[in-house]
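Chain residues, written in single-letter form:
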Amino acid sequence: MFEVGRVAVKIAGRDSGRKCVVVDVIDDVFVLIDGDVRRKKINAKHLDPTGEVLDIKKGATHEEVEAEFKKLGLPVWNKKAKKVLSKPTKQRKVKEKEEEKPKKAAKTEKKEEPKVEVPKAEPKVEEKVPLEEKKEDVKKS
Amino acid sequence: MPEGKRKSRSQRRVYVRTPSSKSVLHYRARKPSKAVCGTCGAVLKGVPRETPAKLSKIPKSGRRPERPFGGKLCSACSRKIIVAIARSE
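Those protein sequences? They're chains Z and Y, same order as listed.
Numbering of the first sequence is given in the numbering used here, commencing with residue 400 and proceeding in unit increments.
Numbering of the second sequence is given in the numbering used here, commencing with residue 16 and proceeding in unit increments.
Don't read these hints as lab results, they were simulated from the structure.
Among these hints, one or two may not hold up.
[As the list claims (entries may be wrong)] Once the Cα atoms are required to be at most 27 Å apart in a straight line, the calculated DSS-like pairs of lysine-lysine come out as:
{"#": "1", "chain 1": "Z", "residue 1": "K479", "chain 2": "Y", "residue 2": "K49"}
{"#": "2", "chain 1": "Z", "residue 1": "K440", "chain 2": "Y", "residue 2": "K60"}
{"#": "3", "chain 1": "Z", "residue 1": "K482", "chain 2": "Y", "residue 2": "K75"}
[To be verified] Listed next, with one range per pair, are the computed distances between beta-carbon atoms:
{"#": "4", "chain 1": "Y", "residue 1": "S25", "chain 2": "Z", "residue 2": "R438", "range": "49 to 57 Å"}
{"#": "5", "chain 1": "Y", "residue 1": "K95", "chain 2": "Z", "residue 2": "P474", "range": "39 to 47 Å"}
{"#": "6", "chain 1": "Z", "residue 1": "R413", "chain 2": "Y", "residue 2": "K72", "range": "21 to 29 Å"}
None of these values were measured; they are calculated from a predicted model.
From the three backbone atoms N, C-alpha and C, an ideal C-beta is built for every residue, glycine too.
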């Protein structure tokens with residue numbers, strides 16, 4: 400009934416209403432589908448054929464189907480990435496805290512350096528004072 | 016004599032056998048009616064018959080079938096509508 404490359408609409412199950420393409424015909428009952436659905440073997444009764452036929456090989460990979468679907472402007476089903484378990488991340492946080500402590504010590508050392516510059520500025524003021532005194536001396540004279 | 020709210024039969028009566036072999040009368044909330052298909056009126060499968068308080072404790076995927084019109088239409092009626100939508104495009 401279905402040939403490889405036939406675009407169809409799935410009419411049963413949680414992917415029903417989505418478009419797919421027949422990738423492989425297993426026997427007169429079952430076909431392998433891919434596209435905007437989970438790639439799996441299904442009963443051909445769960446498909447409603449459309450007029451379109453894609454140029455794909457028998458047993459085409461998901462990437463090949465994705466490229467053909469993009470030409471038609473159709474979306475493609477992709478697996479969601481699994482979330483990383485919370486326990487290993489907690490262990491990493493403990494390691495980061497240990498690394499941060501030496502960094503804080505390094506920052507405090509840097510802060511001490513500008514303090515040294517401040518006393519340097521003070522003697523400059525002292526130098527100005529004698530100049531003014533000299534000027535006053537000149538006026539007095 | 017039971018309280019006024021318990022005489023109205025809005026709660027169902029359950030006879031419970033206690034550990035001391037007495038049979039006592041308990042009052043429990045009635046369950047809602049079974050979910051039916053919106054077009055043909057058939058009883059829906061995969062939709063639990065529970066009070067809203069208990070339904071909130073069930074995961075969403077356990078409350079209705081995971082397909083378009085799941086929990087509203089039966090599988091045969093939803094298939095007819097999905098085919099009609101696909102062929103009208």
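- Can the suggested window of 21 to 29 Å be confirmed for the beta-carbon pair Z/R413 and Y/K72? holds, 23 Å
- Task: Could you check the hint for me, namely that Y/S25 and Z/R438 are 49 to 57 Å apart, CB to CB?
- Result: This hint holds: roughly 52 Å between Cβ atoms.
- Holds or violated: Z/K482 with Y/K75, Cα cutoff 27 Å? holds, 20 Å
- Task: Indicate whether the distance between the beta carbons of Y/K95 and Z/P474 respects the range 39 to 47 Å.
- Result: violated, 24 Å
- Item | Pairwise hint evaluation, Y/K60 against Z/K440, where the allowed Cα distance is 27 Å at most | Holds: Z/K440 and Y/K60 sit about 24 Å apart, inside 27 Å.
- For the pair supplied as a hint, Z/K479 and Y/K49, confirm whether the alpha-carbon distance does not exceed 27 Å. violated, 35 Å
Violated hints, listed in ascending order, are 1, 5; each of the other numbered hints is respected by the structure.
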